[in-house]
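Colleague: For reference, the chains in residue letters:
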Amino acid sequence: MDFLVFQYPMITLQACLDGILLGVLFALIAYGMALQWGVMNIINIAQGDLVILGGYIAYFMYLYGIHPAWGVIVAPIIMYFVGIAIYKLVINKVVDRDLFISILATFGISILFMQLMNFAFGADVVLANSGYGTTMLFDNNVVLPNSKIFSAFISIVFAVCLVIYMKKSKLGRAIRATAQNARAAKILGVDTEKVYAATFGINAALCGVAGALISITFTIHPYMGLPYTIRSFMIVIVAGLGNLPGVAMSGMGLGVFEEFADYILGTEFRIGSVFLLLVLILVYRRFKLSRKREYLK
Amino acid sequence: MNKNFILYAAILIFGLAAPFLFPAFKVQLSILCVLIVLATTWNIQGGEMGYNSFGNILFYGLGMYLCASVQVGMFFPLAEWTESGGEKTFVHTPTQFFQGMAVGLVVAAVVPTIVAGLIGYSILGLRGHYFAICTLGLGVAAGEISGGIEIIGAGQGFTTPPFPNVGSLEARGEFFYFLSFFTLVLTFIAVRSIYSTRFKLILNAIRDNEDKAEAMGIETMKYKIIGWMISAFFCGLAGGIMGGLVGYIDSTDVAFDGREMGVFMVLMAILGGKGTLWGPIIGATIFHIFKEGFWTFFLGWQYVALGVLIVVIVIYFPEGIMGWLREKYPERFGEVVDEKDRKAQVELK
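Chains as they are written, first to last, in our numbering: chain W, 1 to 297; chain B, 1001 to 1349.
Where hints are given, some of them may not hold.
Claimed, not checked - Footprint (simulated), chain W over chain B, 3 or more residues, beta carbon under 8 Å:
id, stretch
1, 1119-1130
2, 1309-1319
Unchecked claim - If the Cβ cut is set under 7 Å, some of the chain B residues that face chain W in the computed set are:
id, residue
3, 1134
4, 1286
5, 1303
Just so you know, the hints here were simulated from the structure itself, not pulled from any lab data.
By construction, the Cβ of each residue, glycine as well, lies at the ideal position given by its N, Cα and C atoms.
With the hints as extra help, turn the sequences into a complete structure.
Modeller: Shown next, in the form of structure tokens:
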């Protein structure tokens, strides 16, 4: 069974392409996580739940007869304000506290969101049908849904826009300054409180875009948030903070890994293999760092 | 000392009499005992050692599966048992049940301890965020993977052996209550004696500054692993008991329930006060009463309440009840407070 992948190159190709298109989406979520991690030093366990919430926004647009692709515009706008609200209510109280406190607080938010979504939208697995059809490649041996290509394209567009925004705009420069040294930025007149709120809002908006795309290409379910958090965490630690090409590459790598794990081990072990990979990566990282006798805090 | 002795005697007598005083709450009291064990042992490495783990659920779930598997596997073929899905084709006689349970509990305690020792060296080298997220990943991965293994019931779950008919209807509740209460007493004695040794001071040194502790000549890794193994031992034991008590093991909802039990143990310890002996016990009791009250009266909203509760406790109450008491009455905790200091503080306010 293990050699199936190598005996049938078309299946391998299919898995690789699927994985890359999926990985671009993961990279978009991971970019949001890297942003808030770098700026506020917070790991947001509720990241995945924000993604799912964004997905439900697109799904509801679909239910009311609007094409779900418009969710890509609407979801980030709504999610931006959701992010700001979360920041004002919870995050600004934990931002300069012990790291474990922020993990636990966002874990609480994650459970809260999960349940509220379960109440509001029901526990069914849903997807928004975009009706984009499929593309056949290589004598119809490789099937790619157009929605996946669309979602990868939109993710790249958003990521590029954000990178340019962070480089050029005043807020972007303030965010980067705060990430480098919050105290110095404050002295030089940056309102760090506002910057933190904006960062969290932008992160939530990115999650909204990713969620809307996921609701078109895959399925969403209230309890599916945690794997997205773990994936984005994994991508960020593999790539390192502030390394954008690295985030894109490791996102695609993770996508391909997942597709292969799906083919070789079976779908029931897919999520398990993601979590196991996280543990392995962290352990590998620990041994690599301990050889250098230095720790990252 | 004398006062303490009276307190312990009172609690012990109350504990022994509780199932007869409140016969309707026997199962709840047993669960409370298990929760206290979990919170107290989480506190060993979470509170005293400063390694905040979400992954102790791994040992709990492992203990649960091992205890049930041994209890069944000693007398009947395990695969056929899980395939029958709780149909009573095989029935344990009372002797078989208790023998199986005894051996099962020993295995359930020992194997997680060994597992903790084996993975400890790699996992405990991580710090801060990385340790917390890594252990979270371990717990969820264990749940997802055990949900795919056929011989322990895969997705459909594993029914633990039903309690044998020994004449009295009350016997099941009393057996599990005294089993969990005995475990609780054992845990308390063990933890209390650990806390009065140098070992606790070493753990605290690791929590306060690991690099300095290492520089002072303490083999931090060794003590970290030992601390984690102690937690794992009692978590496995608690899991084994809980498996028998619930009567049904599901991979992600009962055994490796990182979203629920895994967070509960952290929350209980924080609510009561991390790094104290009595904190987790008080925290677990209050939490259990709150939880059961909420579960009963607001069914369906319990997880919403849980999420809000986590956020509120973490933001407004990170020191816990014991921490709050300590700030208010420092003399009771053996801290000498200078009268001038206090006045100065009052003036500052």
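Colleague: Are the hints correct? Go through all of them and say.
Modeller: Checked hints:
1. Here's how the stretch 1119-1130 of chain B fares: 8 of its residues keep a CB closer than 8 Å to some CB of chain W, so the rule of at least three is met and the hint holds.
2. Counting residues of the stretch 1309-1319 of chain B whose CB falls under 8 Å from any CB of chain W gives 6; the rule of at least 3 is met.
3. With a least beta-carbon distance of about 4 Å to chain W, the hint placing residue 1134 of chain B at the interface is held under the 7 Å criterion.
4. A hinted interface residue such as residue 1286 of chain B counts as satisfied when its beta carbon comes closer than 7 Å to some beta carbon of chain W; here the least separation is about 17 Å, so the hint is violated.
5. Here the hint on residue 1303 of chain B is kept, as its CB sits about 4 Å from the closest CB of chain W, short of 7 Å.
Consistency with the previously given hints fails for number 4 only.
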